[in-house]
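Let chain L serve as the given structure and place chain Y on it in line with the hints.
Spelled out, the chains give:
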Amino acid sequence: MSKTFDRLVSGIDSDGHGAYVEEHDEESNSMVINMGPVHPSTHGVLRLLLELDGETVLRCEPIIGYLHTGMEKECEDQNWRGAVTIVTRMDYLAQFANEQVYSMAVEELLGIDLPPRAVAIRCMIAELNRLSSHLVWFGTTGLDMGAMSAMFYGFREREMILDFFEMVTGLRMNNGYIIPGGVWVDLPDGWDAALEAILDVMPKRLDEYEALLNENPIFLERTSGVGVLSRDDALALGATGPIARASGVDWDLRRDMPYEGYEGVTFAVPTATSGDVYGRYRVRMAEMRETLELIRHFADNMPEGDFKNMDPKLTPPPRSELNRSMEAVIHHFKLVTQGFTVPEGETYARVESPRGELGCYIVSDGGTSPYRCHVRDPSFVNLQALGPMAQGQLIADLIATIASTDPIMGGVDR
Amino acid sequence: METAYLSGREWTERARSLREEGWRLSAYCGVDRLNLGGGEVRFEMVAQLMQPETKDLLTIHVGAEGDPPTIPSVSGIFPTVNFMEREAYDLYGIRFEGHPNLRRLLLPDEWEGHPLRKDYGVGKVPLQFLPQPFLQIDQPGQAPDAAEAGAEVDDLGQSGRAR
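Residue numbers (the working numbering), protein chains in the order written: chain L, 121 to 534; chain Y, 17 to 179.
Extracted from the complex, chain L is given alone in its bound form (with noise of 0.2 Å):
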């Protein structure tokens, strides 16, 4: 345990240089290096310190912080509505579960329910979000062992998906569609098809995948017994989503705190023992099946009605009142210069995102503005985990130990 390390963990930016250079300690015979911000399997912005000798891990410390945009002073900022386009681009490729939790919280203070279209609809799309999620994990973590395939063909399947996005909402990426009190639009005329054509190809380039990787020699020598995680550590760290799944936590918030639609569904939720990079690919695998007939279930069970939370204090008359209600014209006037107010209060909202728990704490002073938006954001929490994970191991394991803990550094740094 070197005093370089310490010195560099505590105040590196501070003194200016020697974070960016190789430093040797004399007196432990240890390397310290820097990995990242800027390197291809840090998955956007991660740095790690570590600490080497030879090649083998003794101390991992990640540093974040380079993405940090004060996304929740922002949400401050913005009106109730407003903020949805704030915490959708958080965790970036979870953005349908961040405006899920958030309007979730919202709604708790507002104290309204939801007609039974809107939630469908948005736990049909936050299931969509989970497997084209997941595909990006498949495809970056094949990338950062070897196997470029991977990457293609997660990117592929994930393009149809986007597709689908795209012709429901609009965009590709921080759609803001769910909203407090619904969605902002109906589902399109044939998106039934649409989703019959996602859901038909899916099993099948499923199978696909698993006979590419799962008994692949290269991928288990790689992956088996690799970053393992302890059941305790995780517990202890706080891990969730299937990083703790694989570790023995069998725990999620969708079958054991079921919330909207989530009531009464039967599905199973898979989890592994081993703890390693193995164990979590195994975990995200098997949860992507049964996402697939989690998302099957909610679009055969879609109910007609409205897609939304009619309420005039809360959305906006349709347009052809206005031409004949002096009293639509009001409510329009003040959504639109003011949006909504939202009673006193405080409240804590969770949904199980594709890396685990996401949390919404929202404060509001009645007014028209959040007093305080916080985000708990799985890959924020998870990342604790990597330095127990990386410790002992090989800095060539550590590679793929950061790709199975799949980080968003969107949501790390907010």
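FYI, nobody ran anything at the bench for these hints, they're computed from the structure. Please read these numbers as outputs of a predicted model, since none were measured by experiment. Glycine is no exception: its CB is placed at the ideal position from the N, C-alpha and C atoms. Any given hint could be a false lead.
Across the chosen pairs, the derived CB separations fall in these ranges [to be verified]:
no. : chain 1 : residue 1 : chain 2 : residue 2 : range
1   : L       : F272      : Y       : E26       : 54 to 60 Å
2   : L       : E464      : Y       : P124      : 47 to 53 Å
3   : Y       : E81       : L       : R292      : 47 to 53 Å
4   : Y       : N117      : L       : T189      : 22 to 28 Å
5   : Y       : E81       : L       : N334      : 54 to 60 Å
Selected chain Y positions facing chain L (in silico; Cβ < 7 Å) [said to hold, decoys possible]:
no. : residue
6   : S42
7   : K71
8   : P95
9   : T96
10  : F99
11  : W127
12  : P131
Same frame as chain L, but now just chain Y:
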């Protein structure tokens, strides 16, 4: 959902017993009550806890008293709050006594102020980044010149040097 208001010392004891009863801590974040009124304590930390067996939920508000606002760290009891306490220290300036590595997490170490405080303006504060010496390496192999770290900067924090 149950809500409790505790002082720093009560919180440490409560956290220990909650941990033994198997509660999990999901989120731990700061709030600045400057414009909310009500309490005397301006800064507080809000912990969201959950009991996985009984599915009970618990929200705990911990007041940060003193100047600078201070709370005992619970990172020894719930290791998951390590980053969360550093985040609150960074963005609210709340000190956590006994935290193993209490320094800025998201902002650069030389940043002044705590942006999530209510009296810290939005969009009015110029960027505070120092010009970093690594930008000023002109040739491969040249050592970064630490003396240039103090180079003059304009309002936007640019060093004014053509790169």
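Hint check: 7 Å Cβ-Cβ cutoff, Y/K71 to chain L: 6 Å, holds
Supplied contact hint for Y/F99, tested at 7 Å Cβ to chain L: At about 6 Å, which falls below the 7 Å cut-off, the nearest Cβ of chain L leaves the hint on Y/F99 intact, so it holds.
Chain L contact restraint on Y/W127 - CB to CB distance below 7 Å: 10 Å, violated
Consistency of beta-carbon spacing, Y/E26 to L/F272, with hint 54 to 60 Å: 57 Å, holds
L/R292 and Y/E81 - C-beta distance against the hinted 47 to 53 Å: 48 Å, holds
Verdict for Y/E81, L/N334 (Cβ pair) under range 54 to 60 Å: 56 Å, holds
Residue hint Y/P95, partner chain L, criterion CB-CB below 7 Å: OK, holds: Y/P95 within 7 Å of chain L, min 5 Å.
Y/P124 and L/E464 - C-beta distance against the hinted 47 to 53 Å: 36 Å, violated
When the least beta-carbon distance from Y/T96 to chain L is tested against 7 Å, hint result: Cβ of Y/T96 sits 3 Å from chain L, so the hint holds.
Minimum beta-carbon distance criterion (7 Å), Y/P131 to chain L: Where the cut-off is 7 Å and the nearest Cβ of chain L is about 6 Å from Y/P131, the hint holds.
22 to 28 Å as the expected CB spacing between L/T189 and Y/N117, which holds or is violated: The hinted range 22 to 28 Å holds for Y/N117 and L/T189, with Cβ atoms some 24 Å apart.
Restraint check, 7 Å cut-off on beta carbons, for Y/S42 near chain L: 6 Å, holds
Against the hints set out earlier in the document, violations occur for numbers 2 and 11.
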